[in-house]
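For the record, the sequence lines run as chains A and B.
FYI, in my numbering the residues of the first sequence are 1 to 512.
FYI, in my numbering the residues of the second sequence are 1 to 641.
Hints listed in this document are in silico derivations from the structure and should not be mistaken for laboratory results.
The reader is advised that the hints may include incorrect statements.
In the SDA-like style, the derived pairs of lysine to any residue whose C-alpha atoms are separated by at most 25 Å in a straight line are [stated by the list, open to error]:
(1) A:Lys457 with B:Ser109
(2) B:Lys559 with B:Arg368
(3) A:Lys450 with B:Pro108
(4) A:Lys303 with B:Asp591
(5) A:Lys303 with B:Ser109
(6) B:Lys517 with B:Gly482
(7) A:Lys303 with B:Leu577
(8) B:Lys377 with B:Val453
(9) A:Lys450 with B:Ser159
(10) B:Lys483 with B:Ala56
(11) B:Lys377 with B:Gly482
(12) A:Lys303 with B:Lys517
(13) A:Lys303 with B:Pro447
(14) B:Lys375 with B:Val571
(15) A:Lys303 with B:Val571
(16) B:Lys58 with A:Leu420
(17) B:Lys58 with B:Val38
(18) B:Lys483 with B:His510
Each chain is listed here by its residues.
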Amino acid sequence: MSDWPLLSLTTFLPLVGVAFILFVRGEEAIVAQNARAVALWTALATFVLSLMIWANFDPVQGGYQLVEQASWLEPLGIRYHMGVDGISLWLVLLSTLLTVVVVVGSWFSVEQRVKEYMITFLIMDTLMVGTFCALDIVLFYIFFEGILIPMYLIIGIWGGPRRIYSAFKFFLYTLAGSVLFLVAIVVMVREAGTTSIPELTRHDFPVAMQTWLWLALFASFAVKVPMWPLHTWLPDAHVEAPTAGSVLLAGVLLKLGGYGFLRFSLPMLPEASAFFAPLVFALSIVAIVYTSLVALVQTDMKKLIAYSSVAHMGIVTIGCFTANALGLTGAIVQMLSHGLVSAALFMVVGVVYDRIHSREIAAYGGLAERMPVYATLFMLFMLASVGLPGTSGFVGEILVIVGIFAITPESPAIPASGSLVALLAATGMVLGAAYMLWLYRRVVFGALEKSALAGIKDLRANEVLAFAPLVLLVLLMGIYPSFFTDPMAASVDRVLAEIGATGPGRLALQLR
Amino acid sequence: MLHLILVFSPALGALLAGLFGRRLGDRGAQLVTCGLMVVSATCSVIGLFLYLGDPAFKVPVLRWVDVGGLEVDWALRVDTLSTVMMFVVSFVSCFIHIYSIGYMAHDPSVPRFMSYLSLFTFMMLMLVTSDNLLQLYFGWEGVGVASYLLIGFWYTRPSACAAAIKAFIVNRVGDFGLALGVALCFLLFDSIQYDVIFTEAGAHAGKTVTVFGITADALTLVALLLFVGAMGKSAQLGLHTWLPDAMEGPTPVSALIHAATMVTAGVFLVARFSPVYELAPTALAVVTVVGASTAFFAATVGLTQFDIKRVIAYSTCSQLGYMFFACGVGAYAAGIFHLMTHAFFKALLFLGAGSVIHAMSDEQDMRRMGGLADKIKITWAMMWIGTLALVGFPGTAGFFSKDAILEAAWASHNAFHLYAFWLGLLAAVLTAFYSGRLMFMTFYGEPRADHHVMEHVHESPPVMTVPLGVLALGALFAGWLGKGMLDAEGAWWGGAILTGPDNHVLHAMHEVPFLVKLAPTLAMATGLGLSWLFYVKSPDLPERTVAALRPLHTFLFNKWYFDELYDRLFVRPALALGRIFWQGGDVGIIDRFGPDGVARTALAGGARTVQLQTGYLYHYAFAMLIGVVLLVGLYLFLLGG
């Protein structure tokens, strides 16, 4: 089994499903039914294959594993090069799992253009897995930017009334980032003479060049995360996207930014990263405080959760740039946790949206009476989002806070005191609790008075099934996070070594 | 094994009642949770006989976190302190579970209630048995959530929801300090295991650390950050506002969480960290001042309240203040002793109040009570026992512990020990006064309720009165049983509480002047006598006094205006800032000059704008795709050329 090209199989299997769906013909209802079935089985098979990656992954090794290489655009030195390490492994699993979840979750809620809908999501699956497996920077770029196309389609076709505005905003932001990223790639490849990510990492870029390259990469990744003040596309995109689109957008696409920092900015441009770390911390803190306050006054459920995502991803960016094992691991755990929790929260909103067709918080109230199962699940994910110990949300947050706290003013490269960053970032704990609890109180608690809600039904079987894996993983990650962090450890150490192993200011970031 | 059963059987009960509540039915859920609590309480009593005075040992459960040098296990730490705490938590909780069978009999969601109670007990046990700061934090936030769920149990009431959110968020402010304390401990000790911290604390004494841009004594900073957490959970002055509102929850909840167990977690934390606090005199001074101020503040507010549960809630707040300043003056043992006796008599008072409320058809306002003594004799007697223990009547549990605290305050060398002594003494007078007021207003005089209510007044069923009886035994005799805790050599604690070489409070407190020993009893007699004068002898005195001291009364009646102050200071500015950032920042600046501005510039000319905005998204996607292809092409060209 281990000599199979597992990564390529996982990446491209969804396209086989796409081919099958394309051939489905006949009456619309039957087409829809078949498209759903094919999509489900394909997504499941892909997920099982990704589990095989996990089974064949050696957690002790810190390097890239299951590596596949083939010549591709040989005259240009561009190769088809795939591989995973302890960081990308979990993101691959997250992508394949969430694809299954959205297919199951939207079983009944999508009735128009089901065939195209399922095709789009399977293509997303391919592109997401490809991005996290790619070890050639050009290959990465193609997957990385390619994801945006199905995402536009999802928002544009199955989205809400202001979808054009939202999609356009999304487009403008990401286009600016993409162009700069591409320019940076061109420069880096010319300088290092290779497109291979591991080789680029080993190359010492001149410090002056690093600064510009770092800013160009930052433009692209910061939009994806998104970091303040490049975040305003996110609330609009989420509001207009259908539930499944929001799930993948929050669950996987936002992780591309954090992954980019870990895979490119930090190991390839360590001096520039150390130089700009205070900037990242400052922007992250602003993101946490500012967007938490904005979330507090939202009247639209999806916007509220979208703003909370910006705040939670602020913890991720802080963690990445602590450049110590605690912070880095915390950032990855926080990404995974946010992938599960925010995905679940968007599904929570989707459940009531399917029934009442409103995202306004004011349209709800007292759902606990008629929807006890829903209320329980919402409570769990609400608490996970708030970072309750015992849920996944806590582990990442505390690791990052402890990690950044360890950075003291004695370290020359960082003028900011890490503990001050920790102090300000931890205010998110209080604000986060405020907006989430208040949201829950207005939607689920209270008396059931609105006539529109009188007949509302609790979760259907398919919805429970879609939530089930998320519940299990959120708890597992909270109670036994070693299951996830152990396979990461060696890779995190490798990244730390890469950060510290090049350039004159090598130890600037490596503190513990 | 004993301890695993002790700690995890409430968790099992919570899971069973929570997940299978509908299948088990009300009776089934009650049996399962109460049965498992009896198991747990039995284990805790056995533990009391087996492990008191033994050195600490650890029961490992599961590895939790192991990242970058931060190694933390799920594990139970058993020593004398945790054995005492396990006993208090498990034992009191067990009887409150049983009481709830009667009290919640007519509620539609019995299994949910029982499940929450057991969940709370489990979290509290995790807190007191933690062997590292992270697990403490788990229990700490866990009890916070359980308390949030229980306060908001009647979730259709807006006031209950508001109180639940308030409790959680105010506690989060405390937890914020605790989290930073955890981080600072790791920075200093490279570990957050208790044994490592306690062993190495001495080596860090006097060292400074620079955090948050200030340079300060490292251990003082640790102690203060942890104390911020303790202040939140134990409702100390400044972070106390949630506790009185938490009375929105069902009465057994008030007894379990807001009197006997959860609110004492802060005191437990300070006692647990005695090896650190002993080396941080500045932090101890802060603890003393905050504790004494709270004891006085809450007692003054308690004088004016009319809701029977709120009076007891302010009393709890005030008694917690006593426990804190006991720790502050170095008499941790006296603090924990009072914690234990208080758990019994305060739970008794709350459950007694519940029994009164039950009898009065859910009336909580003492202005509509009166004359109940003959109608509910058992409750009346139990309430008197609780009251006497609270005011420190000689021979009752409260007498021993409160006397010990005041004597320790007198004898200590802490800079603020006399501040604590005098405020504590004054608070003792006030305590006796409001307690007497509560009893006289409720049980004596003419009935002030209408005759419908009075006709329905009935004694509670045995399932409620028997737990009252057991707790009353505790309120009477816990003082005799626990006296050993004050052992001057500290041998009783088996090293679980550490006192520094210069700390002789437990010695010195036995050698205070006779008048100091007598003072608490005199204070009690004064307070009780005054309340008798005000509410029995000449019942028009209260109104005349209020009229004479109108501004002071208004100030106290409005709880020193803390809620109003916080609303103006934090809540409204936060919402206003949120609106400014959203409409002004995001929409007004970022969007206007960012994407919208770019779009406007790029799409000059109205017709084209319209065309674009009504066009298919495919077009954009396609344009994007072409763009990517062109750029990749450019790159290939550059590279090839």
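Sort out which numbered hints this structure fails and list those numbers smallest first. 5, 11, 12, 13, 14 and 16
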